[in-house]
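Reconstruct the complex from the two isolated chains, following the hints.
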Amino acid sequence: MIYFDNAATTKPYDEVLELFAKLSKEQFGNSSSAHFYGRESSKKLEESREHILSLLGLNKTHKLVFESCASEANNSAIKGVAYHYANRGKRIITTEVEHPSVLNAFRALENEGYQVVYLPVNSDGVVEPKVLETSMTKDTILVSIMSVNNETGAIFPISKYADIVHKYPKCFFHVDATQSIGKVKMDYTKCDMLSFSSHKIGGLKGNGVLIMKKTMEITPLLDGGEQETGLRAGTVDLPGSVAMDLALTTTLKNLNANQTKAKEIKQYLREELSKIDEVVVNSPANSIPFILNISLLDHKASVVLEALSQKGICVSSVSACSSKGEPISYVLSAMGKDEVASRNSIRISLSHENTMEEAKEFISTFNNVLSTTVGREFVK
Amino acid sequence: MNYAYIMVHYGELSTKGGNKKLFINCLNRNIRHALSVDFPEAKVTSDRDHTYVEVGDYDVNDLVVRLQDVSGIQRITPVVKVEKDMKVIDETALELIKEEDGTSFKVKAKRADKQFPLDSFGIMREVSAHILRNHKLDVDLHNPEITLTVDIRDTHACISCHTYKGCGGYPLGMNGKAMMLLSGGIDSPVASYLLIRRGIKIETLHFAAPPYTSDAVIDKLTDIIKKLNVYQEDIKLNIVPFTELQLAIYEHVDEPYCITIMRRMMMRIATAVAKDHNCHGLATGESVGQVASQTLESMIAINDVTNYPIIRPLATVDKNDCIDIAKKIDTYEISIRPYEDCCTIFTPKKPKTKPRIKDCEWYESKWDWQSQVEACIKGVKSTFIKNGEIIYDGTNQEEN
Chain A
1 MIYFDNAATT
11 KPYDEVLELF
21 AKLSKEQFGN
31 SSSAHFYGRE
41 SSKKLEESRE
51 HILSLLGLNK
61 THKLVFESCA
71 SEANNSAIKG
81 VAYHYANRGK
91 RIITTEVEHP
101 SVLNAFRALE
111 NEGYQVVYLP
121 VNSDGVVEPK
131 VLETSMTKDT
141 ILVSIMSVNN
151 ETGAIFPISK
161 YADIVHKYPK
171 CFFHVDATQS
181 IGKVKMDYTK
191 CDMLSFSSHK
201 IGGLKGNGVL
211 IMKKTMEITP
221 LLDGGEQETG
231 LRAGTVDLPG
241 SVAMDLALTT
251 TLKNLNANQT
261 KAKEIKQYLR
271 EELSKIDEVV
281 VNSPANSIPF
291 ILNISLLDHK
301 ASVVLEALSQ
311 KGICVSSVSA
321 CSSKGEPISY
331 VLSAMGKDEV
341 ASRNSIRISL
351 SHENTMEEAK
361 EFISTFNNVL
371 STTVGREFVK
Chain B
1 MNYAYIMVHY
11 GELSTKGGNK
21 KLFINCLNRN
31 IRHALSVDFP
41 EAKVTSDRDH
51 TYVEVGDYDV
61 NDLVVRLQDV
71 SGIQRITPVV
81 KVEKDMKVID
91 ETALELIKEE
101 DGTSFKVKAK
111 RADKQFPLDS
121 FGIMREVSAH
131 ILRNHKLDVD
141 LHNPEITLTV
151 DIRDTHACIS
161 CHTYKGCGGY
171 PLGMNGKAMM
181 LLSGGIDSPV
191 ASYLLIRRGI
201 KIETLHFAAP
211 PYTSDAVIDK
221 LTDIIKKLNV
231 YQEDIKLNIV
241 PFTELQLAIY
251 EHVDEPYCIT
261 IMRRMMMRIA
271 TAVAKDHNCH
281 GLATGESVGQ
291 VASQTLESMI
301 AINDVTNYPI
311 IRPLATVDKN
321 DCIDIAKKID
331 TYEISIRPYE
341 DCCTIFTPKK
351 PKTKPRIKDC
361 EWYESKWDWQ
371 SQVEACIKGV
381 KSTFIKNGEI
391 IYDGTNQEEN
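Residue numbers (the numbering used here), protein chains in the order written: chain A, 1 to 380; chain B, 1 to 400.
For reference, chain B alone in the conformation it holds in the complex (with noise of 0.2 Å):
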């Protein structure tokens, strides 16, 4: 038997109460984005408590890999729908029963229509009692091979073997949108999918400093996009010219606060173009300690000037766990392509690990950058990918 319906179970959607019809709103508009490449027939319909995709001629583990990248889903389970009459419940379950390797079962109901004649206990009976007088196998209430599902809904009921986790967090977009500032590194792309699986649309700003950085790392960024459109399928990619500012940096800055200071002039050039933009936070790859201006004193002095937020949704992730998230998203190969986001030349020895507002305003007094990074932001070149095409390309953009 084939499950004609994907249901889809929505995430932490609970506790909107009057915003929910938004939210499923935006869910809804974001799977039928999500299927609107490989699967452009699959109907999608909801409720007040589901989605449901309509499988037609697609394969469903396709339909139901494809929506695990979706974020605000929390559980994903492919369904046949039926007439709520115990009598086509029992024999509907009875057949897919048959059809699962294993030898122990359990029978779960729900029943959101409180009208149906059995009660949720009632109706786990009455099927488990049919599959047991017709199949042989045993009941494991606690470690069952399979798990049957019957939910009575208003309308219909739907019955199930299978049930698959779907990747949580909110649906992108009902969140507002973030700056998301990406090296290349390992970490800011995965930083990114965070952001996006937290129902934050991002946009991605690059500061970069040829020919002191490869040109390559452009081609680089783009791949790593081009993966995340997985997440949200259309990403801005913004390139800063950072060379003259970062080269004023190291010029007037002493060694140690070089880093500190490039960070604070890069916030300030992201919070303009963030505004610009329309973006209502900054985001990083930034983990607490991992390099000398990822300490918490550092990040008061790069905070300091910004009154956006800085969103860095790795603080508190180990190295490790991140390499493993990069690695699922499929990003991590990109990452550790050879060249530098930024190079050596520009690598101090010493890095201050405690820096203070009052040093960073003192050397910031020494010449005017701010000239410098308004040219920074004036000369920001804009590229849009979508979908793994480059539908925009900004490096032939008129200077403005």
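Chain A with its partners taken away, still in its complex shape (with noise of 0.2 Å):
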């Protein structure tokens, strides 16, 4: 098997898998019980915390609450403000390209009669910074932008951004950051929230991370109890938050070597692509090391998808095959690509496991994908 879907979720680490489970045996206590065995998976808990603050130089600014997926955490930043600060303005600010996530929070704020205004972004994929400046209004009380887009890889200056929304002191600032973190060098210290998923980076499922600045407050969720102090009720996953403190310091240690031989690798598929007459690459040149993305002109990229998986070979495309109305990319049309483009892209995502060797055999029988099978406008 060749994976190439790192994007969508990543092998997790052993080490990560043998933490979890001695945890889940040794520690299985209830981080809120009160008898020392409790208090033992209490005081774990804090550690991680503070050591995933401290790996992001965010421990003295910003708390952590520990929440199941970047999804929730998504959403718990996005409507916790929404709702808690109101009274301040209902105008929020997000862009056309967010995770579904973080754009369908937006929507159902919309449907509560919220103003939402979707940024558009450039032909790179990317917000430009005044594009932000312009929209900015003193009753808006919420901005939010992803760090990394998750079709294309680009990068978005999140710094400036920041810098942008701060001239408004009513309005925060929060940060998709489930595709940069431990892809890509990035100063959150100017973010008011960030949220990121643990599986993304040799974690387990079920684990993600809303960070804010401690001075914040939001409206939960969740009705419970009291864990995590009132912002996310519900028994914290020990073991699996345990671990994820794990994934997220080896993959730090490890980012520099990690981005120096994705580079390579999509330096190659990207020149190998490129060759192709019908090929059009997709992401930016300011993209991260670990994400490609292609557009195919004559095939359809779910026939692709399906030939490369009967060979072993694990990517991502938009959709599955499906005649009652196709999905089209909503990140590429932003982008102005057209709609043959936007319907049959195709993720190639790496992680540090990939080789060179995987990437030769990849281009090989891509290409042979490409030569036996028959284009879109098969039928005339």
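Partner residues aside, some chain A positions facing chain B, computed with beta carbon under 8 Å: (1) 303; (2) 306; (3) 307; (4) 310; (5) 373; (6) 374; (7) 378.
With a Cα cut of at most 20 Å, we get these calculated SDA-like pairs of lysine to any residue: (8) 349(B) / 378(A); (9) 311(A) / 216(B); (10) 87(B) / 134(B); (11) 350(B) / 378(A); (12) 311(A) / 209(B); (13) 349(B) / 340(A); (14) 311(A) / 241(B); (15) 381(B) / 310(A).
None of these hints come from the bench; they were simulated from the model. Think of the CB as a built atom: it goes at the ideal place given N, C-alpha and C, for glycine as much as any other residue.
Written out as structure tokens, the structure reads:
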């Protein structure tokens, strides 16, 4: 198997799995329990909380809430601010290219009467800072922009956005950092809120975090117990959270080496794929080394995906094959790509585990698939 | 008082004359199979007119529900068996009716044993009188809330306050075996169910065109067949590797005729596989007029390539009725999963609704499809799915 779908999820590190199993067995106490066993769990959890914050240089200024995934963290952040600060204004801003967990949270708020601004992106798939600047108003209470796009890998200048947002003291800046954490070095200190998940950095599915300024308050999504200082009710997943700490530590420790390797592979893939007439590369020059997004102009992406899958290669496309209203990549559409390109994109996403040999095999299989399967316009 | 037996009334068997015994034996075998998983201790016996299931320690309602899915059963009646003595019958009837909710009742009686001293009317009168004397209920002959039945058999009497509809049809297997073309959509599982209910065993045949169709379809079909296992405990799934022939059709045939020619090829392959697998008919989920290939004119062109009967159980069924059945047999949610049985690459824009056989033959003279059809037949992979489990996975099969 060649696994090139690491932006969807990564294989957990062995040591992460071992730690998770060990803690699940030996440290199963509820971190909210008052007895010594619960207190031990609680201590471990707090250590990991502090450690994750300090890895990102945020331990002085920010607090961390353990949640179940980045989708939950995004919802907590966006709805939490929107509800809590509704008295300051009901204007909120995001972009056209966010992950559905952000986009649909904004749409839900729009239905509740909030005024939502969806910022357009340029042809690189990035929001120009001046576009944000002209959209800001005094009654804007929230701006949520991703740090790296999940489809194209495009890197967003979040520090610049933060500077713009912070000219308005009543507005908060949230960053969905799911695709940048552990993939690219970034300064998050200016963000009011930050969310990401564990399973994209070698951790386990079912863990995510919301990081926010210590001084901030939000309305929690769940009604329940007082876990996580009332910000996220429900028993905390101690083994998963501690394992996430280890996954992040390991990933950040190896970030430079991982980046160098991925850069080389991506460069090779980009060059080889560019040689194919029908391939258009969508990922801009300033994108993370782990994601390469292309479009096929002659073939259906879903057919190529299936053919690759049958040969043991995992990549992702926007859609499964479907005749009932084929999905279109709203990210690529927003970048100004035409319909064919937007409907037929393929995302290749790498991790530290991938090798140049795999990339070479991928290219030869990919060429083979294109030459042995019929194109989109087969039925004339 | 507990119902100790369940009396199974046969379906359309009364017309069967000398073959009746065969049908009853077949039905009993099917009932035993159906009960073997969840009710292994339930004993099944029968006489000329009914089959009896001993309830034992099982819940009588659970048994009824299971039996309702067995084809060839008209009605299912939980009964108390007693000796043919009017005193005993009166007392039992009274005891049974006391357990029922309702304010009005009616007694129905039947006398198979014509030697019994009272006739049906006499039994009704006596039992009703006994109930009226001892229990506060009114008689309502037109809309009773409780209907108590007394059935005088040769050796015993059966008394009951409940009867349930069975699924009708014939015992499965009595009407041979058909090769069902299963696409994975809403219709073909429903057609499969209707065939089974008619007593026709099915094997299923699917035409796969990877990579233009997703492998996920195979999982979908397997899940559908697991649902159909309730009605037929073992079903074979045969997969035809159709890609090459499919591509050749679209290469050689003009777009409006592609679907017709494709269906003709499918029928040729299905006929050969059916012969191979001892099936005596083909079946599809087609409904007249639903799509271009399902007009009567199209059916002439399609039927022309096979001398096997093509059964189309849904020929005149409306889509909404079909969906209702699909929901009832629990295949609907599986059928509407997003991936397609046939990729949009092979969806012609203007299919012919009135194809002519002559034109079909002309298109088919353009290339050597015979060898491709042969390859499809040879390449069939079979999987056997029994009681919800894959018994034999044909994907590991050696090429023959």
